[in-house]
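Chains as they are written, first to last, in the numbering used here: chain B, 1 to 506; chain R, 1 to 506.
Since the list gives no way to pick out one identical chain from another, each pair is judged satisfied if it fits inside one copy or across any two copies.
Pairs of lysine-lysine, DSSO-like flavour, derived with a Cα cap of 27 Å:
1) 94 x 14
2) 39 x 14
3) 14 x 100
4) 18 x 39
5) 39 x 283
6) 100 x 18
7) 39 x 222
8) 18 x 98
9) 6 x 108
10) 347 x 391
11) 108 x 18
Because the hints were derived from the structure by calculation, they are not lab data.
Protein chains: 2
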Amino acid sequence: MMIAIKQVEEAFIKYVNKMVAYQEAISLMGWDLRTGAPKQGVEQRSNVIGILSAEAFQMSTSEEMAAYIAKLSTSEAKQSLSQVTLKLVEESKKEYDKNKKIPADEYKEYVILQSQAESVWEEAREKADFELFRPYIEKLVAFNKKFIGYWGYKENKYNTLLDMYEPGVTVKTLDDVFGKLRNQIVPLVKRISESANAPETEFLFKHFPKEKQRAFTLEILKQMGYNFEAGRLDETVHPFAVSLNPGDVRVTTRYDENDFRMAVFGTIHEGGHALYEQNISKKLMGTPLCDGTSMGIHESQSLFYENFVSRNKSFWKQNYDLLKEYAPDQFDQVSLDEFYRAINESKPSLIRIEADELTYPLHIMIRYEIEKGLFNDEIAVKDLPEIWNQKYEEYLGIKPENDSVGVLQDVHWAGGSFGYFPSYALGYMYAAQLKNTMIKDLPNYDKLLEEGNLLPIREWLTEHVHQYGKMKEPLNILKDITGEGLNVQYLIDYLYEKYTKIYQLT
Amino acid sequence: MMIAIKQVEEAFIKYVNKMVAYQEAISLMGWDLRTGAPKQGVEQRSNVIGILSAEAFQMSTSEEMAAYIAKLSTSEAKQSLSQVTLKLVEESKKEYDKNKKIPADEYKEYVILQSQAESVWEEAREKADFELFRPYIEKLVAFNKKFIGYWGYKENKYNTLLDMYEPGVTVKTLDDVFGKLRNQIVPLVKRISESANAPETEFLFKHFPKEKQRAFTLEILKQMGYNFEAGRLDETVHPFAVSLNPGDVRVTTRYDENDFRMAVFGTIHEGGHALYEQNISKKLMGTPLCDGTSMGIHESQSLFYENFVSRNKSFWKQNYDLLKEYAPDQFDQVSLDEFYRAINESKPSLIRIEADELTYPLHIMIRYEIEKGLFNDEIAVKDLPEIWNQKYEEYLGIKPENDSVGVLQDVHWAGGSFGYFPSYALGYMYAAQLKNTMIKDLPNYDKLLEEGNLLPIREWLTEHVHQYGKMKEPLNILKDITGEGLNVQYLIDYLYEKYTKIYQLT
Numbered sequence: 001m002m003i004a005i006k007q008v009e010e011a012f013i014k015y016v017n018k019m020v021a022y023q024e025a026i027s028l029m030g031w032d033l034r035t036g037a038p039k040q041g042v043e044q045r046s047n048v049i050g051i052l053s054a055e056a057f058q059m060s061t062s063e064e065m066a067a068y069i070a071k072l073s074t075s076e077a078k079q080s081l082s083q084v085t086l087k088l089v090e091e092s093k094k095e096y097d098k099n100k101k102i103p104a105d106e107y108k109e110y111v112i113l114q115s116q117a118e119s120v121w122e123e124a125r126e127k128a129d130f131e132l133f134r135p136y137i138e139k140l141v142a143f144n145k146k147f148i149g150y151w152g153y154k155e156n157k158y159n160t161l162l163d164m165y166e167p168g169v170t171v172k173t174l175d176d177v178f179g180k181l182r183n184q185i186v187p188l189v190k191r192i193s194e195s196a197n198a199p200e201t202e203f204l205f206k207h208f209p210k211e212k213q214r215a216f217t218l219e220i221l222k223q224m225g226y227n228f229e230a231g232r233l234d235e236t237v238h239p240f241a242v243s244l245n246p247g248d249v250r251v252t253t254r255y256d257e258n259d260f261r262m263a264v265f266g267t268i269h270e271g272g273h274a275l276y277e278q279n280i281s282k283k284l285m286g287t288p289l290c291d292g293t294s295m296g297i298h299e300s301q302s303l304f305y306e307n308f309v310s311r312n313k314s315f316w317k318q319n320y321d322l323l324k325e326y327a328p329d330q331f332d333q334v335s336l337d338e339f340y341r342a343i344n345e346s347k348p349s350l351i352r353i354e355a356d357e358l359t360y361p362l363h364i365m366i367r368y369e370i371e372k373g374l375f376n377d378e379i380a381v382k383d384l385p386e387i388w389n390q391k392y393e394e395y396l397g398i399k400p401e402n403d404s405v406g407v408l409q410d411v412h413w414a415g416g417s418f419g420y421f422p423s424y425a426l427g428y429m430y431a432a433q434l435k436n437t438m439i440k441d442l443p444n445y446d447k448l449l450e451e452g453n454l455l456p457i458r459e460w461l462t463e464h465v466h467q468y469g470k471m472k473e474p475l476n477i478l479k480d481i482t483g484e485g486l487n488v489q490y491l492i493d494y495l496y497e498k499y500t501k502i503y504q505l506t
Numbered sequence: 001m002m003i004a005i006k007q008v009e010e011a012f013i014k015y016v017n018k019m020v021a022y023q024e025a026i027s028l029m030g031w032d033l034r035t036g037a038p039k040q041g042v043e044q045r046s047n048v049i050g051i052l053s054a055e056a057f058q059m060s061t062s063e064e065m066a067a068y069i070a071k072l073s074t075s076e077a078k079q080s081l082s083q084v085t086l087k088l089v090e091e092s093k094k095e096y097d098k099n100k101k102i103p104a105d106e107y108k109e110y111v112i113l114q115s116q117a118e119s120v121w122e123e124a125r126e127k128a129d130f131e132l133f134r135p136y137i138e139k140l141v142a143f144n145k146k147f148i149g150y151w152g153y154k155e156n157k158y159n160t161l162l163d164m165y166e167p168g169v170t171v172k173t174l175d176d177v178f179g180k181l182r183n184q185i186v187p188l189v190k191r192i193s194e195s196a197n198a199p200e201t202e203f204l205f206k207h208f209p210k211e212k213q214r215a216f217t218l219e220i221l222k223q224m225g226y227n228f229e230a231g232r233l234d235e236t237v238h239p240f241a242v243s244l245n246p247g248d249v250r251v252t253t254r255y256d257e258n259d260f261r262m263a264v265f266g267t268i269h270e271g272g273h274a275l276y277e278q279n280i281s282k283k284l285m286g287t288p289l290c291d292g293t294s295m296g297i298h299e300s301q302s303l304f305y306e307n308f309v310s311r312n313k314s315f316w317k318q319n320y321d322l323l324k325e326y327a328p329d330q331f332d333q334v335s336l337d338e339f340y341r342a343i344n345e346s347k348p349s350l351i352r353i354e355a356d357e358l359t360y361p362l363h364i365m366i367r368y369e370i371e372k373g374l375f376n377d378e379i380a381v382k383d384l385p386e387i388w389n390q391k392y393e394e395y396l397g398i399k400p401e402n403d404s405v406g407v408l409q410d411v412h413w414a415g416g417s418f419g420y421f422p423s424y425a426l427g428y429m430y431a432a433q434l435k436n437t438m439i440k441d442l443p444n445y446d447k448l449l450e451e452g453n454l455l456p457i458r459e460w461l462t463e464h465v466h467q468y469g470k471m472k473e474p475l476n477i478l479k480d481i482t483g484e485g486l487n488v489q490y491l492i493d494y495l496y497e498k499y500t501k502i503y504q505l506t
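Just chain B, same shape as in the assembly:
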């Protein structure tokens, strides 16, 4: 009997290896499409990606998969399986249940709707015409409500969507942390807006040749511990990091020759994602567990490097001179302090992805409140533009002049991704909380940054976060490291301390 289970386990592992192989092929095709695939091949390439994706999806809901899950879920089986296999079975079951509960024809209809909606959204955004997009987002919301019906929910319907991206995080948690954040940040943002001590920023926008930016960025990635034998840096319109396997984790960036911040901070951000994927335990290779455990934990890694490393003054004590070597004229008359204050300017803005550290969480909060309202039937799709604009005025004191820079700015909803946005803010809170524990282990944290010795930071993150891949749930990772649950106070303290100093608030 034991032998039989071992055989089933082996066959099951081989089965998931195949699904992961499809995923690697799909990811590479996606990377290639964005980094330079010739445009006349795109249509057929999309068909190919569609065929392989359908195959992988079919495998996740097949009778064969159901049989593996059943055979490997008996109490007898559980006693003889490795921890990795147990977790694999658990994850596979979760995926199977999720996918299987939706009737096949509805799912197909939904997939077609998604791709139509994305293309209509592009047009609507261009024309700043929400009405064009409205029928599509209405259907997308309706589909997701129906899916919640199939999947079931606890306490709040929106919880089911949140759980897809951040297992264990609920409306209750988010109401609490966002409430605290709002109470503290909104007044701070207001004080800063009224402050007379805004930094000079003009010098940031001088011409900085792309090739020089790239060279500097490569130096910083190296400093972070990004392994170039297991990755590469390319150029794309929308930057991203993608893991093909832990030995091949690629980063892309975008260059603005009149604003070096885009490439530098963008690459550091994506580099943080990449460090996570490069350092997942090789024991998980070839399985779906060889992946970040959640969107929020993933974002905690990118934001850790972007905010807690590269927007820290210590980091620039050495790297500012390096930056000057690549951009010799631009910063000649600018002191380190002026530079540091400039890159940390905070100013209410309309576009999420251009927001600074302080105002960013407010952008997320607005989206969270709207999504929660949508799925609890408190907000109707037709009212989205108005509600969006009201909230921007309330939280940030500015109002979008049209929907293109308002409710139509993000692609997420067009792709049917509801429940995703909160991960961005959660990642930020996680990062602040991790930092608070990290400095107990690395009390010379700022000194390390000053010396450009970032390796101990990467090693700490690998030990406590990276290596586990999907073996640990996000909130367990947090608990094991910090001894507590999600606690937004660390982020609030960080922002208060930093911004009262930069803006010399009394």
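Here the structure of chain B is known, so what remains is to put chain R in place on it, guided by the hints.
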């Protein structure tokens, strides 16, 4: 009943679409591995390629495939199927029979042997030690003999292998054409070796910066009609062209800064392959028929451009000035005539891939005679180095100093590819024969070259060759264009005329 057949046909097309989708993913992964994939990801990537390849192979021999073939091969079905489907069924059956006749365990053993043999071959070549490689090639030959037993043969055992690469071409054909070629070329090579009119070539080997070579090469590809919206040019150690789909056909090249010929003629050669794939009818997209019809016809396209276009003096009447723009000093003191003669120098050499136009067929002939001997039990593997060296002395008047530049120089046998080499020479003969017909349609052929107006040539090749993909057998393509079968005389005439002129033989 008709409806039933239509349904089977649709399902069958969908099935082959899937196989082709796997192939596109596999090809992209291969391209990526050679153009810059990070090395630590290679091992897992190879697993992924292995998994997808096994899947595609399995699909070609599955019961589902057998059922499609059976249902679509009835005389009733044949009446209602499109030409494309009929050909698809024919090709699928051929593939099915070929793969199915080999017992699965033997095939698996053979695949493992292939990959071991390639790695041992690399070592053996490095050490110039044939004995190291001998046990592997012995097994590879033995396997292929056994496979011939399974597959059966007509007249000559080696015919079965030839047919894999060049359907319809037999030992009888090759003995005939190679005999004629040998009788004419060997004496010509000898006369040239003894000629006092060898061209100066020193100026070819001056420093020519890689970026400049690349820029020039891009100009030439454009001139050829290579569509950059359906392709791209990258750098690799071993140049190749690869079709992902007709809208995405990529070329790679290699730069030697002290010998611009490698990149320029190499890219033109691969560009010829790429033009074929870019111009296959879109009606065949997504099916295995959307591919070159044979190795020989494929090579006819690359060699047409390499030899009949870019080693033609008319081609350089305009492009020599262009070349000078990119390499200003190198050719200042060199007349067009001197340049033309230098790039057409002929000299017996040991390495096939470095051979010139005139001696190249002799390299192929030697491999052909050896392969034919091996599979007819007239040559034993252990005698290969000796026989190899004898033949080089006989045909080319030079003798390899060791096996690394002798019998171990090519990878083909290590990969189990016996019967492949003749395609190179066939492609050359086809190209000469096509050219002979083409100039009847394009009597101003040389003028077109002089004007850099290569488009009518590409269009002619598309009309007569490219568009058909695998819809026509190689010898049918030849017959439909030229009205005759394979005729080596055109190549002999071409070489005679060209080389007696360049070497001023009387």
